[in-house]
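Colleague: One-letter residues, chain by chain:
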Amino acid sequence: MSDSKDLLRAPFELAYNYKRSNGPVMSKFFEALGEQKILGTKSSTGKVFSPAAEFDPDTHESLNDMVEVGPGGSIESFSWIEAPQNHHLIKEPFAFALIKLDGADSSMLHMIADCNEADLSIGTRVTAAWSETTTKRITDIKFFILEK
Amino acid sequence: MKRVAIVGYAQHPILKNAGALNEVELIMPVVHQLFNDLGISQKDIDFTCSGSCDYLQGAAFAFVEGLSAIQTNPPIKESHVEMDAAWAMYESMLKIQMGDAETALIYGFGKSSPGDLDAIISLQMDPYYISPLWPDRVSLAALQARVLLDQNVITSEQMLASVIEARANSKNNTNALITDLIDESDYLNNEMVSSPLNKLDCPPISDGSSAMIIASEEKAYEFTDHPIWIEGIDHRIESSNLGSRNLATSNTLQASMNQLNLKNIKFDVAELHTQFSHELPFLKSLLNLQDVPTNLSGGPLVGNVMMCAGLDAIGKAYESLKENQLTHGLAHATSGPCLQHNMLVHLEAQK
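These protein sequences, in sequence, are chains A and B. By the count of this note's numbering, the first sequence reaches residue 156 at its end, each step adding exactly one. By the count of this note's numbering, the second sequence reaches residue 352 at its end, each step adding exactly one.
Just chain A, with the same shape it has in the complex (with noise of 0.2 angstroms):
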């Protein structure tokens, strides 16, 4: 039996390291973060969808008609965590949120904190909070709060 010491070893790091194009679409989104605004894309129906959609659903149409929404909205649906686990970001109990932002016919996906749980129910309103440094990432949002 060789020493432990003696082992061949080599490193393993499980990781999610893919680099990723934003798109002509989705960039001008993220830019748009990065200036603590808002953006949707318009169908030609007049939907507006935010964050941005590259296309329709429904129409199927291709998207790049943008237009400012927000940064206030309304809870479509929301799910309470009152003990969040290891990879949440926020560490106080918080909610997810589908959130329909003023201007916007779809809604975003992110989260609500600074609450409770009995502060909150569909069509509350809440406003976006912004991270102290922007990466035009979607958490440049850095969770949205109740509307004073």
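In case anyone wonders, no lab produced these hints; they're calculated from the structure. Some hints here could point you the wrong way.
[Unchecked claim] Label-pair ranges, simulated between beta-carbon atoms: (1) A/Leu154 with B/Asp101: 55 to 61 angstroms; (2) B/Ile77 with A/Ala137: 54 to 60 angstroms; (3) A/Thr135 with B/Phe62: 43 to 49 angstroms; (4) B/Val25 with A/Thr53: 51 to 57 angstroms; (5) B/Asp101 with A/Asn94: 42 to 48 angstroms; (6) A/Asn94 with B/Pro14: 28 to 34 angstroms.
[Claimed, not checked] Per the computed footprint, the stretches of chain B lying under chain A, defined by three or more beta-carbons under 8 angstroms from a beta-carbon of chain A, are: (7) 110–122; (8) 195–201; (9) 220–231; (10) 239–245.
Glycine included, C-beta positions come from ideal geometry on N, C-alpha and C.
With chain A held as given, fit chain B onto it using these hints.
Modeller: Chain B alone, transformed into the frame defined by chain A:
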């Protein structure tokens, strides 16, 4: 369309933690049980297709190792889907339709116990808008549950009934993982995981495997006197943009029902890939199954092997028709958050 039949199905006992049993050791018993039951070998199989998820094993092309469970020399025609094995069955159907195969072996396998399934499922979501937020699978399901409750599509009493019935029905499946019965107070006193879903509304972390053999009409009767025909099969997916979907209904499932012309069929039994308690009353209502015995196997709430549970719904519907001399069965498989991608399979015993 060529007629294709299911001629055999086998399921590994669903385990809470398979421990040192690796994927190959989970697959081998079910494949060999099928071969023994039918008196055949890999030489009788024209096409082999598996369903699994490399994210569960944490390595790219991990599914290739699964092939060690079957004989691949001389070389075989083989494929894999990074999906539930129900979709491996769909691909096998296409192979037979194209005339490339007369027989197909399908297997699915999954070990969820070694990792953190909630975190892993987060990584499989839309990498731009959703994955960076790390939503866990229960919270995503809970978003749909709340919409269904709010719009009175289902009631919380129906969710409770789903959980109690699943456990009562687990006696019909010797492979079920969860068999203990519960009552209303057990349910109501259970802690919320992600409100409105508590721990009992969610399926158990499960390890296991399943296998199935399908065959063309010419071959089916060589294997069995009682093939169960795949009369119709259809699958459709909704937008990956979760917030643009109407979670109170399923346009795609309705389209599949129309495509398969299910409206006038009186089903004797149904098995649905409903992983969370609210999904059962939702789909029963949507699919007009109110009076149809559904999930007599207990369904995913008593054992939910990732990448197998959809194939298991088809397998359990097949077993019900075969063992109880019934005529029409409906099976459902799903994938993605909030029932994003759905397959319906209409099974029929020989008239």
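Colleague: Now, for every hint given, state plainly whether the structure supports it.
Modeller: Verification of the supplied hints:
no.	hint	verdict
1	A/Leu154 with B/Asp101: 55 to 61 angstroms	59 angstroms, holds
2	B/Ile77 with A/Ala137: 54 to 60 angstroms	56 angstroms, holds
3	A/Thr135 with B/Phe62: 43 to 49 angstroms	45 angstroms, holds
4	B/Val25 with A/Thr53: 51 to 57 angstroms	52 angstroms, holds
5	B/Asp101 with A/Asn94: 42 to 48 angstroms	46 angstroms, holds
6	A/Asn94 with B/Pro14: 28 to 34 angstroms	30 angstroms, holds
7	110–122	holds (count 3)
8	195–201	holds (count 4)
9	220–231	violated (count 0)
10	239–245	holds (count 6)
The structure is inconsistent with hint 9 alone, although it conforms to all the rest.
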